[in-house]
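Single-letter residue listing:
2 protein chains.
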Amino acid sequence: MMNRAVVLLSGGLDSATTLAIAREQGYTCHALSVDYGQRHRAELDAAARVAKALGAVEHRTLRIDLGGIGGSALTDSSIAVPESPQIGIPITYVPARNTVMLACALGWAEVLNAPRIFIGVNAVDYSGYPDCRPVFIAAFERVANLATKAAVEGTLKFEIATPLIDLTKAQIIRRGLDLGVDFSLTVSCYQADAQGRACGRCDSCRLRRDGFKAAGVPDATRYFQ
Amino acid sequence: MMNRAVVLLSGGLDSATTLAIAREQGYTCHALSVDYGQRHRAELDAAARVAKALGAVEHRTLRIDLGGIGGSALTDSSIAVPESPQIGIPITYVPARNTVMLACALGWAEVLNAPRIFIGVNAVDYSGYPDCRPVFIAAFERVANLATKAAVEGTLKFEIATPLIDLTKAQIIRRGLDLGVDFSLTVSCYQADAQGRACGRCDSCRLRRDGFKAAGVPDATRYFQ
Chain A
49 MMNRAVVLLS GGLDSATTLA IAREQGYTCH ALSVDYGQRH RAELDAAARV
99 AKALGAVEHR TLRIDLGGIG GSALTDSSIA VPESPQIGIP ITYVPARNTV
149 MLACALGWAE VLNAPRIFIG VNAVDYSGYP DCRPVFIAAF ERVANLATKA
199 AVEGTLKFEI ATPLIDLTKA QIIRRGLDLG VDFSLTVSCY QADAQGRACG
249 RCDSCRLRRD GFKAAGVPDA TRYFQ
Chain B
49 MMNRAVVLLS GGLDSATTLA IAREQGYTCH ALSVDYGQRH RAELDAAARV
99 AKALGAVEHR TLRIDLGGIG GSALTDSSIA VPESPQIGIP ITYVPARNTV
149 MLACALGWAE VLNAPRIFIG VNAVDYSGYP DCRPVFIAAF ERVANLATKA
199 AVEGTLKFEI ATPLIDLTKA QIIRRGLDLG VDFSLTVSCY QADAQGRACG
249 RCDSCRLRRD GFKAAGVPDA TRYFQ
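If you're matching them up, the sequences are chains A and B in order.
Sequential numbering of the first sequence, starting at 49, is according to this note's numbering.
Sequential numbering of the second sequence, starting at 49, is according to this note's numbering.
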């Protein structure tokens, strides 16, 4: 069981590369997507395609209605997604999202007897979300090892693996391409349409486009305008 | 906003008393129940009754399908609820349950601008679940203050309040009665029937019954046999 991992898979570029890295490190990968009521539903379809293409042994999608608590442009349709750079932490921040997703991943990892949880957070070319920082990940890892029967009884020691944390977006893209990731399967846009086509204007589109440019490789993203 | 609190409300005896304590401390209480696929659905009905009776300003139920990951007698109908005392952490332990519930409460607390999250965990007369211990709560509180925009920007400092942590079940019952809690509204049993009647044999029933006995007060629990 020690080579099992749960990989959080959003359907975007970062988590696809994370899954490819986990596979390369020899893990049997159980991919987990969280349907938290995000407006960019196309990313959940993308996650299923990516899980299959990159050899995850299974892919599950857990539903949690974070829209029921609101507070973000990604879960509340009455708040518009900004299309210009923002100062500070933007309104696309979803309260406690990574805490909720890691908590779900932890529960599944314990059931699977899997000591590793992979998450594609990045603290270089990112939107400034607090729950993407190494200090948050370290604090959650401590929670994981105190919260669970497996850790307390000593049968598992959980590690939250963040292989992208120090990479630029361009480095992530090159790493993914080296590992055979087909980025045309992925969706990053916060307001992608039902076909997975991107707006080209939101923060996530901007980071992705700049990343392909900096990496010097063609951008396979499909735009709807 | 500083007197707002999110109170996790299961529908059982402990969380009802916790809500009453939060109200007594002057908090405007937003009650949160989590429908995680537990077999004792009657507790969710009980939570709604308790929220109303104890003056919560609103009550929301978030659905998260932890049954999709299994691993517990409470979420997997193929695993029986034990009816005799268990050695070690029992099979009614739900992997990462309190981490998931606190994560959801944290998200809502941030949206509400509420600095306090109340949870009725107890480390005296309890079933030995690791995520009921003070060391876990302290670790989660640290996560809360690193994960969120409000904490990082300095507009909120989250505190996880656990007013029952050091009380015996009898002390909890007496405290609740002092505050006017009607325990006949609450459901503790892990396999309560649709009418909220209790089995009288599971660990949760045993702790509750022993608590009423030790407190020297009548037990209003309805049993189905």
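Because the hints were derived from the structure by calculation, they are not lab data.
We treat Cβ as the ideally placed atom computed from N, Cα and C, and that holds for glycine.
Do not rely on the hints blindly, as some may be mistaken.
[Unchecked claim] SDA-like, lysine to any residue: derived pairs with alpha carbons at most 25 Å apart:
#, chain 1, residue 1, chain 2, residue 2
1, B, 100, A, 113
2, B, 205, B, 176
3, B, 205, A, 183
[As the list claims (entries may be wrong)] Covered by chain B, according to a simulated footprint, are these stretches of chain A (three or more residues, beta-carbon under 8 Å):
#, stretch
4, 105 to 114
5, 139 to 147
6, 190 to 196
Comparing the hints with the structure gives:
no.	hint	result
1	B:100 <-> A:113	23 Å, holds
2	B:205 <-> B:176	29 Å, violated
3	B:205 <-> A:183	17 Å, holds
4	105 to 114	holds (count 6)
5	139 to 147	holds (count 7)
6	190 to 196	holds (count 6)
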